[in-house]
Each structure stands twice: as structure tokens, then as C-alpha cells.
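Whenever a hint applies, use it, and build me the whole structure from the sequences.
Number of protein chains: 2
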Amino acid sequence: MLRAVLPSRLLWPLGSGPIMSGPQTPEHTLDVHGDSSLCRKDEDIREGTQSSHRMLGFSDALLSIIATVMILPVTHTEISPEQQFDKSIQRLLATRIAVYLMTFLIVTVAWAAHTRLFQVVGKIDDTLALLNLACMMTITLLPYTFSLMVTFPDVPLGIFLFCVCVIAIGVVQALIVGYAFHFPHLLSPQIRCSAHRALSRRHILHLVLRGPVLCFLAAIFSLFFFPVSYLLMVTVIFLPYISKATSWCKDRLVGHRDPPAHNAEVFSFDLHEPLSKERVEAFSDGVYAIVATLLILDICEDNVPDPKAVKEQFRGSLVAALGAYGPHFLAYFGSFATVGLLWFAHHSLFLHVRKATQAMGLLNTLSLAFVGGLPLAYQQTAAFARQPRDELERVRLSCAIVFFASIFQFAIWTAALLRQAETLQPAVRFGGQEHAFMFAKLALYPCASLLAFAATCLLSRFSTAIFHVMQIAVPFAFLLLRLLVRLALASLRGLRHLRPAQPLRSQAPEEAQSQLLPSSC
Amino acid sequence: MLRAVLPSRLLWPLGSGPIMSGPQTPEHTLDVHGDSSLCRKDEDIREGTQSSHRMLGFSDALLSIIATVMILPVTHTEISPEQQFDKSIQRLLATRIAVYLMTFLIVTVAWAAHTRLFQVVGKIDDTLALLNLACMMTITLLPYTFSLMVTFPDVPLGIFLFCVCVIAIGVVQALIVGYAFHFPHLLSPQIRCSAHRALSRRHILHLVLRGPVLCFLAAIFSLFFFPVSYLLMVTVIFLPYISKATSWCKDRLVGHRDPPAHNAEVFSFDLHEPLSKERVEAFSDGVYAIVATLLILDICEDNVPDPKAVKEQFRGSLVAALGAYGPHFLAYFGSFATVGLLWFAHHSLFLHVRKATQAMGLLNTLSLAFVGGLPLAYQQTAAFARQPRDELERVRLSCAIVFFASIFQFAIWTAALLRQAETLQPAVRFGGQEHAFMFAKLALYPCASLLAFAATCLLSRFSTAIFHVMQIAVPFAFLLLRLLVRLALASLRGLRHLRPAQPLRSQAPEEAQSQLLPSSC
Numbered sequence: 001m002l003r004a005v006l007p008s009r010l011l012w013p014l015g016s017g018p019i020m021s022g023p024q025t026p027e028h029t030l031d032v033h034g035d036s037s038l039c040r041k042d043e044d045i046r047e048g049t050q051s052s053h054r055m056l057g058f059s060d061a062l063l064s065i066i067a068t069v070m071i072l073p074v075t076h077t078e079i080s081p082e083q084q085f086d087k088s089i090q091r092l093l094a095t096r097i098a099v100y101l102m103t104f105l106i107v108t109v110a111w112a113a114h115t116r117l118f119q120v121v122g123k124i125d126d127t128l129a130l131l132n133l134a135c136m137m138t139i140t141l142l143p144y145t146f147s148l149m150v151t152f153p154d155v156p157l158g159i160f161l162f163c164v165c166v167i168a169i170g171v172v173q174a175l176i177v178g179y180a181f182h183f184p185h186l187l188s189p190q191i192r193c194s195a196h197r198a199l200s201r202r203h204i205l206h207l208v209l210r211g212p213v214l215c216f217l218a219a220i221f222s223l224f225f226f227p228v229s230y231l232l233m234v235t236v237i238f239l240p241y242i243s244k245a246t247s248w249c250k251d252r253l254v255g256h257r258d259p260p261a262h263n264a265e266v267f268s269f270d271l272h273e274p275l276s277k278e279r280v281e282a283f284s285d286g287v288y289a290i291v292a293t294l295l296i297l298d299i300c301e302d303n304v305p306d307p308k309a310v311k312e313q314f315r316g317s318l319v320a321a322l323g324a325y326g327p328h329f330l331a332y333f334g335s336f337a338t339v340g341l342l343w344f345a346h347h348s349l350f351l352h353v354r355k356a357t358q359a360m361g362l363l364n365t366l367s368l369a370f371v372g373g374l375p376l377a378y379q380q381t382a383a384f385a386r387q388p389r390d391e392l393e394r395v396r397l398s399c400a401i402v403f404f405a406s407i408f409q410f411a412i413w414t415a416a417l418l419r420q421a422e423t424l425q426p427a428v429r430f431g432g433q434e435h436a437f438m439f440a441k442l443a444l445y446p447c448a449s450l451l452a453f454a455a456t457c458l459l460s461r462f463s464t465a466i467f468h469v470m471q472i473a474v475p476f477a478f479l480l481l482r483l484l485v486r487l488a489l490a491s492l493r494g495l496r497h498l499r500p501a502q503p504l505r506s507q508a509p510e511e512a513q514s515q516l517l518p519s520s521c
Numbered sequence: 001m002l003r004a005v006l007p008s009r010l011l012w013p014l015g016s017g018p019i020m021s022g023p024q025t026p027e028h029t030l031d032v033h034g035d036s037s038l039c040r041k042d043e044d045i046r047e048g049t050q051s052s053h054r055m056l057g058f059s060d061a062l063l064s065i066i067a068t069v070m071i072l073p074v075t076h077t078e079i080s081p082e083q084q085f086d087k088s089i090q091r092l093l094a095t096r097i098a099v100y101l102m103t104f105l106i107v108t109v110a111w112a113a114h115t116r117l118f119q120v121v122g123k124i125d126d127t128l129a130l131l132n133l134a135c136m137m138t139i140t141l142l143p144y145t146f147s148l149m150v151t152f153p154d155v156p157l158g159i160f161l162f163c164v165c166v167i168a169i170g171v172v173q174a175l176i177v178g179y180a181f182h183f184p185h186l187l188s189p190q191i192r193c194s195a196h197r198a199l200s201r202r203h204i205l206h207l208v209l210r211g212p213v214l215c216f217l218a219a220i221f222s223l224f225f226f227p228v229s230y231l232l233m234v235t236v237i238f239l240p241y242i243s244k245a246t247s248w249c250k251d252r253l254v255g256h257r258d259p260p261a262h263n264a265e266v267f268s269f270d271l272h273e274p275l276s277k278e279r280v281e282a283f284s285d286g287v288y289a290i291v292a293t294l295l296i297l298d299i300c301e302d303n304v305p306d307p308k309a310v311k312e313q314f315r316g317s318l319v320a321a322l323g324a325y326g327p328h329f330l331a332y333f334g335s336f337a338t339v340g341l342l343w344f345a346h347h348s349l350f351l352h353v354r355k356a357t358q359a360m361g362l363l364n365t366l367s368l369a370f371v372g373g374l375p376l377a378y379q380q381t382a383a384f385a386r387q388p389r390d391e392l393e394r395v396r397l398s399c400a401i402v403f404f405a406s407i408f409q410f411a412i413w414t415a416a417l418l419r420q421a422e423t424l425q426p427a428v429r430f431g432g433q434e435h436a437f438m439f440a441k442l443a444l445y446p447c448a449s450l451l452a453f454a455a456t457c458l459l460s461r462f463s464t465a466i467f468h469v470m471q472i473a474v475p476f477a478f479l480l481l482r483l484l485v486r487l488a489l490a491s492l493r494g495l496r497h498l499r500p501a502q503p504l505r506s507q508a509p510e511e512a513q514s515q516l517l518p519s520s521c
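As you go down the protein sequences, you meet chains A and B in turn. Once you know that position 286 of the first sequence is 286 in full-length UniProt numbering, the rest is easy, because the numbers rise by one and skip nothing. Once you know that position 300 of the second sequence is 300 in full-length UniProt numbering, the rest is easy, because the numbers rise by one and skip nothing.
Keep in mind that the hints were calculated from the coordinates and are not lab data. For clarity, every value in this text was computed on a predicted model and none was experimentally measured. Check before you lean on any hint, since a few could be wrong.
All copies of an identical chain are treated as equivalent in the list; a pair is satisfied when it fits inside any one copy or across any two copies.
Simulated pairs of lysine-lysine, BS3-like, Cα-Cα distance not exceeding 25 Å [stated by the list, open to error]:
| hint | residue 1 | residue 2 |
| --- | --- | --- |
| 1 | Lys277 | Lys355 |
| 2 | Lys250 | Lys355 |
| 3 | Lys87 | Lys311 |
| 4 | Lys308 | Lys87 |
| 5 | Lys277 | Lys250 |
Structure (C-alpha cells):
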């Protein structure tokens, strides 16, 4: 084993020097134009390797678009003015929403596997970049095979194609692993310098090929008895989530396990470690960006009035013709503002996050899945003008989607607070100077949507007005939030001064200060 | 002036220390988990500021999606099997393509202005993040107003709305500038520590408000004599490009100007400097990612067969039904592979680019505009099965789009080579060890598409076959490129050995080595 490691370290002595300086030096950071990065760059050129940062960003953008693509059939479900929300429409909509949610989950699982893979592979070269493109292309076909499967549940072709896709992804990923272990200077420094490299290779290949092998079995079963295939497929999709959840529960019940002995399982560092915070941010940004613009895509394509129609229906008045599209624009503004402000809350939260645990990653996925449903919600509000009868249900649906998207964001923070010492910056921990402010930022949307929902139950006649008031009030609340939080804290403090309570709040700034001191150099 | 600067520097002594270390230290880099970044983070929390990195990435993603959105009406232009490429279809298509290209240009101008603005504003706080979201929302409306303008050229409403949008963007950007100069710790260090801060503020406000003022005039003119408005609008859009081009030409004709005196025009550093390389990459990645997935968006939405149709038309055979969609999938694979490989070439090039000059930025925009046309090209090839008559024109159109997208990429490199000392890493300069390889990488697609185009002229009967051969051959050529280039270089060297020429090539590696030595620490 050691013999296999030593030559590579002797061959690249310059490389392992600066990289080894810390246990968790992120190797694929941006190129700061410092000396060390220039040094590393020249070394990269000699070795023919490249920093993988930009490739990973591109992959994140592709995967986030693919994850949200199946919301389009949902938003484009035509409900003609004559028919109400009847059974057949409801069933169609429910099927499409299920397809969207499952697709989101599947692509997120593929994305998480990709993240883990490139935590092992630290650098890339041209061959790896091309293999990664092939992997991306295969992943983009998953949503199609999945919707084929749902449209024709009795025909085994859908599940067969799905399995073929998963197997193809597995083969490409195994090729990437094999290639990287064949040229060890491509590996991340932890693995490259580990004495158990062959062991880690076997472990990683096992992880990468576990799903494809199950899918191979499913593909065979699909040819003669396909219900078994569905069972196997569900196992493949939920396996990572189940194992995550059980390990998390065990962790919380039994107490914090000791980290495994360092020399026995060096590779476990990468595989059981949290997802890279940077990539969670990039994937989330992609989802927010595509969701924010989904409605404008529709508007730009379909809502430019036809010159003939303007002449005939509106007597040549373009203003009147555009007035007919007014509700669409209102829906767009509402959707963009909500997605933008949810992004803003996510951004504020992750500024203070040190690393993202597995539970936080899962909650983030759930939040993003609901964010993807926002265009649907706001398109529902665009239909107000045509179908005032269903108004109430639509407003409630919109409120519910906003509520779930924001409450899962809040849950990310709660999950982070449970292990605040490793996951959060001192300023937002319990008693930190930004704690109350962060709480208010993340609680604003859940509270506002819950309030709006409750208000529609009491004042069902004014549901549209309530909804629009919420849409306009929340951005202003965000602007004035710091002021409002200070006022609330001051009044709380004033109340405490009136009655002789223990000074919990006044102690907090000192604690925060003392936590800040060691890191302020 | 100095009195205004000094207090802020005294108040934030920790901040100005590490930031001032270099003339162009990129302040919004990723947070490396080092000591200095922790230090800066705590300081940020005290000041209530944040690194702007993630916000800029999100803005880049939004703007790149908006820039490419108008290709959708082009790709969705229905050409029924009966009618050929007749006059009316051609005119409709030409209009839509013009709208797409102009939208791309407008959004790119807005993006460049945004980049410049956030080269001045180094850090953000919550208010700036919210103002930026408002700015993004206004920019997303530009494509719609523009297509309104083209659809109704005789109605002044379109240009009026366009002008209102531009004015709104200008007002928000002026607010951002005003806010940042009011809280100087948000400014980039060059501006913050400049003695001429008020002067630079005036200069920046002048730049930001130049377009909106012209548009205000245009909006007024649109109410009574709108042809003047169009003239003013064209001035607004092309002003930056014209000034860029003239300054570049002057530069090349008169020779390199001396840099302006440092203390007189400190702020000019940021405003006439090249675009941030990182943001050029982020914007390009966004365009490539959305273009690569545009066809799968269509496929996922429209190409899942209808269960009823399968039963009636294909006697329940799903395989036969999917076979009818075969050409669409072929088009998707071709489009994805081409976009992916063009991204790969772009990625390889920018790995070796030190900074992007204005000419390179313009060429990059043109290349991206043609990349956005690729789905159109490949959708044309999907129509083969239905309309074999127009095959030849479609193949040629596809070849032309691929050719222009790739030749502008090649031109970026040529422009960089003209000023190679500042723009390129030593390895890819003339005589560098990677020069020939980079040349081959960037020349592959222009050559292949030109060859295919020429071949269709000679062998017009086999045009489809030629096109498919090109699609399959190019990815393999990329995989084997390093080998092929080495073979070509070796054979060149062999030829030179036969006849007594001066050893131009053998001298090159030594030169490259000597260029590498100083930076290899």
C-alpha cells in the first residue's frame, strides 16, 4: 500500500507541500491572484490538471435547472374558464405535482452523489471534464424517463429506460473514480496521502455502483415482472435519505459518536462529512434563479399581443390589449419578489453557516422543492381575473406553498442551532448579537403566510385583497426589519426592567464578545 | 476630502490592513477557511456588511437566463409540413431572430453596467441586497418591452415602456451608488481610500445616469414624435460599444497610452479596467447552462406521448410512439454535446486567461449570442424526418451557427494574444508549452463546421449523413486532441529535421521554462 503512495508523493513534492497545510484546505477555491495560487497554477499546467471550481459551478447550474424543469407541465396545465376544479383536473394536477416532487428528489440525490464524488476527486483534467459532461447529459434524461413511467405505469419501458439511465450514470462515475485513482495527483489531498488508498477506492466504487447494480436487477425484472422493479427503484432513490435519517436519529439518541480512528478510515472523512457548503449555495442559487425567471419566460413568449387581435378586439388600442394581461404581470411581480426575498433569507442564513450537515441539506432540498412550486402558486393568482369563483382555494394554495417553502428554511436554521458549535458563526448562535435579527428574518415569511391563511378563513370575501396586502407588505418589512427588531428588543428590555427578572439578554453581548475574541486575531 | 476619508479608516483599521495589501486584491472571493477570512467575517458582522460574492453569482445567473429567453419564440416558430420556407415565415423568423440578438445585446449592456457598479461597491449589506433584487426585477422586464416594440413598431407605447424600464434601472443604480458612498465602508478599497471620493462619486453617477437621462428624453419624444426616440434608444444601447471600439482602435493606431496620473484619476482604475474575469465566467456559465437545457425543457413538457394516442395510432406500442420522437432526442444529444464542448473550450481558454479586456468581453458576448442560437439549429435538424426537402438549408444553417459561435471564441484568444503579456498565462502565449494544444482546441469546431459546410456543397445528397458524422466525430476528436497535437508536432519536427531550418520549435520549450521559473517560487 505504502509503496503505491510514496512514489506519487515523491513525484509531486511541491503539490503536497502547500496543500497539506490544513486538514480541510478547500482545494477548489477561486483563484486569488496571490503567489501561492500562481505557484499552484504553474504546477497544474505542468501536470495538465485544472482547478475543478468552474466545472462544478456549471454542473450545479445544469442540475438545478433539470431539477425544476418538471414544474413546467404543472404550471402549463390548462384549466378552461367553464370547468371548475373538477375531479379529472385535480387528478391530472396531482399526478404532475407528484412527478415534479419525485423528479426534484431524484435529481437532488444525483446531485448529492456528484458532490461526494468531487469531494474525492480534487482536481480535474480534460478527460475528467469531458466525462463529467457525459454524466450531466445522462442525468438530464432522468426527468423524461420518470414522467414516461408515471404516464404509462403499466408499461415496463419507462422503468427500463430509467434503469438504463441510472446504470449509465453509474458507469460514467465509476470511470471517473477509476481514472482519478489511476492518476493520483487528481485526488483530493486527504485521499492521495492516505495509506489506505486501495481500500478507499473500493469503498467509493461500492458507493457509486450500489445504485446502478440495484437498477440492473430492476431492469432485468422489468422485462418479466415489473412491480419488483418499482420496489427496487424506490429503494435506490430513498436509500441515501433513509441511511442519513437513521444515522442522524441514532446520533441524537445514543449521543455523539467518537470520530473513527484516523488511520483506519481516513476516507470516511470525505464520505460521511457534510456536503460542501459552497456547492449547496451554488445549487440553491441555480434553483432560485430559474424559478424567479420561469414566469417571465412564459410572459415573453405568450403574452405579446397579436397585432391582428389588437386591431379587431381592442380597436387598435395596445394599452387595452396589455390591460388584459395585467394579472399575469401582477403574478410575475409577486412571484419574483417572493422568490427573491426567500433567496435573500437563504443568503443571509448561509452567510453565517460554517458547514452544512446532512439534515440541513435534506431540509434545504425540501425548501427548494416548494420554492419551485411558487410559479404555480402565483399563476393561480393570475387566474383570478377569469375565475373569481375559485379565488379562495387559490389564495390558500399560494399561502400554503409560501408557508412550506419558508418554514423549511426556518427548519434549516433550527437544525443548525442544534449543533451550533460546528455549524454556525458565533454571531447567530444563542445569545449572539445577530441571533434575534436572523430569527426575525427567517420567521417573517412563515408568519406572514400563516397570518394571510388565517385571515382568508375569517374574511373569505376579501381573500384577494389580503393576499395582495401581504405581497406588498413583506418587502417593506424586510427593509425595516433591523429597525423593527431593535424596537422589539428595546421594548422587551424595558419590560424586564419593570419587573426584577434575571438579566438574560444583557449577558448575551458579553458572551458573544468573548466568543468573538479568539478569532479576531 | 481627506478629512472624510480619515475617520472611516480609523474606525476600521483592521479592515483596511489586509485589504490594502495589493492594488487589485479581489475582495469578493470565496471564503477560504483561513484566519484572515474569519477575521474579515467577524469584522463584517460588526459592520453589518457581507461579501458580495454570492449575490453577484445569483445576479449573473438571472441575467444570463434573461439574455437567452428570447430564443424561445424563435425555436417555437411553427413551420407546418405543408408550407416551405416561404416569405412570411422567413420574415417572421428574421424578426424574431433580430429581437433575440438585440435583447441579448441590451441585457449584456445592462450586465456590464452592473459589473462596473459592483466593482465600485465592494461589500453589501441587507439594504443593498434588496436594492439589487429590485434592479434585477426591472432588468427582467426589458426583453418583454423590447419584443412589444418590435411587434408594434408604429405604436409608441413599446418604446415608452422600454424607456420607463431603463429609467427605473438607472434610479435604482443611482440609489445603490448614493447609499454606498454614504456608508464608505461598503466601497471597494481603491475608492474608499482615494482622496477624490466626491469626484469619483460624481463620475460614477454620471456614468450610471447617462443612459436613463437619454431615455427620459426618448420617453418624452415618444409621446409626440417617436422616431427620435428610436434614435436615442439606439444611442443608449450602442454607446458603450462604440466608445469601447473607438478607444481600442485609437489604442492600436496611436500606440499604448500612458496610464493616467495615479492621484488625479484613481477611480478610473475601476471604470476603464477590464471586466472582472470571475463574473465573465459566471455569466457565460449561466448562458451555456440554460442553452444546454433549453431543448430538454421542451422535450420533458411536450414529448411524453399521450396514452390515448398510443392506443389509437400505435396499437398500444410505446416503443413505436417514442420512435416518432426519435429525431427530437437526436437533436437534443447533438445540441447538448455541442454546447457542452463549446463550454469546455471556453473553460479551457479562461483557465489560462489572467484578465478579460473589453475587446475580449465584446467577442465573448458575440460568441454567446450564437451559442444561444444552437437550440434553433438543432431543432432544425429534428425537423428532418418531417420535411426532407429543406434538409440542405437546415444543415447549412446549423453549420453556420456552430461556426460563428466557435470562431468568436477563437477570436477571444486572438484578441488575448495581441496583448498576451497582461491577458494570458505564460503557458499559452506564443511559444508556451500549451500554445499549440490551445490552438487546436479552439480551432476544432470552426474547422469541423466549415468542413461540414463545404462537404454539403459538394455532396448535397448526403448532407444529413455528413452532419451526423461531424456530431459524432468532434467529441472523440476532443478526447484524443492531446495525442493528435503531439503527433502533429512530432511530424512537424521530423519534417524540419529533414531540411536545415532554424530550430524555431525546439527553442520554444526553453523559453516557456524560463517564463515559468520566476513564478514557480
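Give the relationship of Lys277 and Lys355 under a CA distance limit of 25 Å: within one copy only, between copies only, both, or neither.
This pair counts as within: shortest intra-copy Cα distance 6 Å, inter-copy 27 Å.
When no copy is specified for Lys250 and Lys355, does a C-alpha distance of 25 Å or less occur within a copy, between copies, both, or neither?
Classified as within; 21 Å inside a copy, 51 Å across copies.
Is it within, between, both, or neither for Lys277 and Lys250, if the alpha carbons may be no more than 25 Å apart?
Classified as within: same-chain Cα gap 24 Å, cross-chain 47 Å, threshold 25 Å.
At most 25 Å between alpha carbons: which applies to Lys87 and Lys311, within, between, both or neither?
Classified as between; 23 Å across copies, 39 Å inside a copy.
Checking an output row: Lys308 and Lys87, CA cutoff 25 Å. Within, between, both or neither?
between (37 Å within a copy, 19 Å between copies)
Every hint, counting from the list given before, is met by this structure.
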